[in-house]
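Following the hints, put chain W in place on chain D, whose structure we already have.
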Amino acid sequence: MIFPKIRVLRSHGRQAIPDLDAVELTEKFRGRPELTFTEDTSEAERAETVCPTGAFTADPLTLDLGRCLFCGECARVAPRNVRFTNDYRIGSPTREGLVLHAGDTRVAFDPEQVRPVIRRCFSRALQLREVSAGGDASVEMELNATGNVNFDLGRFGIGFTASPRHADGVVVSGPISANMAEALEICYEAVAEPKILVMCGSEACSGGLFAESRAIDRRFLDTHTPDLWLPGAPTHPMTYIDGLLTLLGRKKRE
Amino acid sequence: MNYLVTDNTAGALRLEEIPEIAYADFYDLLDGWLADPRYHVAHYFALPSGDRMRFYCLVLDDAEGRVLVTSHAMDYYDDTALPSLTARHPQLHPFEREIAEHYGIRFDGQPWPKPLRFSFDRYDRRSSIDNYPFYTMSGGSLHEVNVGPIHAGIIEPGAFRFICNGEQVLHLEIALGYQHRGVEAAFAATENRLRQMCLAEAVAGDSAVAHATAFAEAIEKLTGRERPAQLDRERAVALELERMAMQIADTGALSMDTGYQLGQVACEALRTMTINTTQAWCGNRFGKGLIRPHGTDHPLTAERSAMIRKNVAEIARRYDEVRRDIESSPSLLARFEQCGVVPHEEMRRIGGVGQAARASALARDIRASHPWGSYGKCLHHTPVVEETGDVMARLTVRSREVAQSAHYIDRLLEIYEQKYGKLENPCGEPDYTTSLTPSSLSFGLVEGWRGETCHVVVTDAEGRLAACRIKDPSLHNWLALALAVRGEGISDFPICNKSFNLSYCGHDL
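Heads up: the sequence lines are chains D and W, in that order.
The numbering of the first sequence is my numbering, which starts it at -17 and goes up by one.
The numbering of the second sequence is my numbering, which starts it at 785 and goes up by one.
Excised from the complex, chain W in its bound form:
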């Protein structure tokens, strides 16, 4: 067998269990899989161990809910170039670029051999983010527009270089790395598991719950202790609340960029209401501190549960009024429809995930394809899918997901109240001390509001956390934004950008 089959609920894998195959076989295996739309790469990273470099790859099979794990290896100082898979499957580009940048591994025939995030421990220290090798075109009628790293609004930094013919964008290249603060290195540098949890929450502040859940899941698989089902329900409520808050915020942002003030202010108020609900539950508007391994510090009391249900119902009702208003305003539809189209096939080739992929008729949703926790048990999730792949489709996915999440929260809390309503803390206290299985690999795979969020944790022979490799859905989707604006007027860039709302810090780590 060239690979190991597991799923999103199974326990940790022993490192020696994971097949280690020759790169030629690895190449053929992935080449075969990725030709089929049901497979995509969730994570692919290199990890040095002694004088060897081992490359782990996680591939998701959406049709059967399987997670396929395989690896290949080479000597640390071996400088043979590996044939690049990106040339045939563009979805691998961020992974190969990261490996090349970090460890100096060369990929032969890589069509886009550029640094990914200028990490502090990169192989080539002479490279600098100030000299990012932007693609250029020359021609009398072309001009370049550079934006960033500091943008006009209060958002994170990133450098965008447009090549335009008049008003029309021919090409956009996005250079990231400005937010790099060494998150992955910080995980391995500490044994304080609470600190690691806090780091997971700080990967991307707007997806704090998604990242914290992914990390907590990975850790829980490594301790081998059972997790109570009620904890899964709490986490699902938190995740869906986060999804509601952000989908509403982005509806507001799209409204702002089209000068639709009523929608903007209404969504601002509704987002405030949503995150204040989270705050009344756990004391933080972003849900930081809510997700902890094996237990919780903020139990869902009957009182809190009733408060959440009441607020969520009101938010969903009022948000639906905004949605109706958008759909009955021709001036808004004219801006959103057929703008920033990413066709289905393009989205599939670049490995798009999450709500952006679903707007291009690519039904990727971990809640449905690889259910964990409460998903697949008390919730049977059907992904929201739109066909057109334009800004309107991404907005529609958002608005339909708000209604769906509100329904899920109500359903989960109803079950919760019936089953555990009287108990003080049915989930128990968090556990930061249980030792981890040594020499193992485990992953947490969670559908955050942006999409598939994956944390892979590898332990060493003593059971210490040797590495935590994080993948934010933005890693896949930044390229989708660059493709979406091709052929559009440059003035439509803001609404294209907001319709994706990708994370800089989640990408840069």
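Bound conformation, chain D alone:
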């Protein structure tokens, strides 16, 4: 009975990514887009009409990552204006920071925007409670993946915990369905101060495809200010890891 286990172990080998900072995703991955201004705006205008969530605007030329599904259609319609890079470092401490303009070469992460208490209290260990509120389960699966053998976020003392009473904050995924609004509020209230709030996925950042749906209720955000916005459909585990480490001051975005 030990032999099958040895065989699994031998094939499994060493899976943990040794240096997460050095990770480069595949060329095909659609991460941070780069926008280029052109005098001729006809292509950009067409891209604006096809964008499924209204994330792209031609005048002024902007792309709101908080609404973007990373379907890549704008880059196909307006290849001279939009190009998707494989840069996964797209988290921002402010919602406005997710709106990219022509010429931007990175998603800004200004340490000044981070509440000092976050770095003081959580920079060495952080346990979060995840709440799915209308998400399509892809963001949830990617968040589960952050703790797996490959990404192993636990090495930084960061993880997920079951009870909000044990948590230092809440990660929200999904557009916040009306049926989950109260449960989310209760869960957030149950976390002791100081606490952080992370919005994970484009649906959480803006409502995404459901921004206009009458089945969602985003009043939670009227009274609570998120500390970190992570776009993506779904958010890649590396985006989440990079976002949290940068928030905690354990990594700088150059």
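One or more hints might be untrue.
Calculated cross-link-like contacts (lysine to aspartate or glutamate; reagent style DMTMM-like; alpha-carbon spacing at most 20 Å) [claimed, not checked]:
#	chain 1	residue 1	chain 2	residue 2
1	D	K10	W	D1081
2	D	K10	W	E1213
3	D	K(-13)	W	E1098
4	D	K10	D	D69
5	W	K1094	D	D69
6	D	K(-13)	W	E1105
7	D	K(-13)	W	E1213
For the record, the hints were derived by calculation from the structure and aren't laboratory data.
Since this is a predicted model, take the numbers as computed values, not measurements.
What follows is chain W alone, placed relative to chain D:
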């Protein structure tokens, strides 16, 4: 004729072609069909049109690969109660409950007249998900355990209420609707077909390819344009990759819940490898963006095809080692075997589908019974069937399907490379603009990894999408989970749950 006969490859149906029969005839027709195990209901929904309410029903005939379509109608403001079919055929319960909840139609004698998902446009706005009418029992030795809507892990919300006698579960009721975000309404609210495709991909993230394929198929039937055969092959590869990834993920989840860490970490790594293969193909780990109507943005180049074949062979080899280890570990078998049994007859009565049904010796598989695209042409699928209906059977179906999918992917890509290896994009670009046939109904019926996934699209007189009605296999199978845990210790609930791994968002829409 009381019904229209079609199949999974025929084109769209004109709405006036679909027979509209009296409810009494409809009742007798379905009552007769559903007594025979070869028939089950794929979809049954109501659609208001002017001052009338028309009810469409799609029944699948597994023996002959037919899809039987029929309908009945009533005045919108007519409040006569209809005799419920659920009382005789429990498999209709989610459909009748949805119709009742959504439009206020009353079904007489419905044994379980409870809301289904508390949709925002429900008939009775006073009802609230916070006061779901849970079933109760009283007795000195009984207690209730409430779990949710927020669960301990990083999973979607849903409220579970157990009634237990000591450790033993007498009854489990599952209240869903927390994930409701108005998907079906969003389809009809836009004319941007790309947005509709993205919505289909967001129905259930872990089945993005299955749902997107079902919707794309329905749309392609409505445009009436031929689809190239190579596109079918690409879609079949994507679907089988998704199946592999999720079956491996669930093997890992079952390993985790039994404290079998080696299996857990090995499956985590193998799932990463599988979804990274999908990512290297289309830029998204869940295959979002891969399925588009009439064409593709991510052609299978020779290079990508070789990469997929190499990875899939390696994944299948390593996964098989995990399977062998599970099968040679008595401590795991003791947990999995004879736990969470759903007997064949029960599974049939509730209309179970997909891999959960196949684990209870109910060989329902759209790839075999209603083949579309590459299935039935270059792949002749034989469903994987297990007899015992327990957690072990569901795990065995998963592990055998991984090997089967790996074989299919290799076979499809081999043909693909031989035929189209040199071409730049043999499938062509996607098409979002061709107009749809007006006043028609079409459906996409696809076997996703969870089971039968069905999208029904209805167009109005101007050729606009008037409604998209979605059925995720979870709609049928949630009841199977509730039945599986009856009589089990409550501590076995997690492995029963993981052995099904049903979708909350696909159910709640």
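Now for the hints, and whether the structure bears them out:
1. D:K10 x W:D1081: With a Cα-Cα distance of about 12 Å, the restraint between K10 (chain D) and D1081 (chain W) holds, given a limit of 20 Å.
2. D:K10 x W:E1213: Measuring from Cα to Cα gives roughly 18 Å; hence the hint holds.
3. D:K(-13) x W:E1098: Roughly 18 Å between the alpha carbons, so the hint for K(-13) (chain D) and E1098 (chain W) holds.
4. D:K10 x D:D69: holds, 11 Å
5. W:K1094 x D:D69: Cα-Cα ~26 Å, so violated.
6. D:K(-13) x W:E1105: holds, 8 Å
7. D:K(-13) x W:E1213: Between K(-13) (chain D) and E1213 (chain W) the Cα gap is close to 47 Å, so the pair fails against 20 Å, i.e. violated.
Hints 5, 7, counting from the list given before, are not met by this structure.
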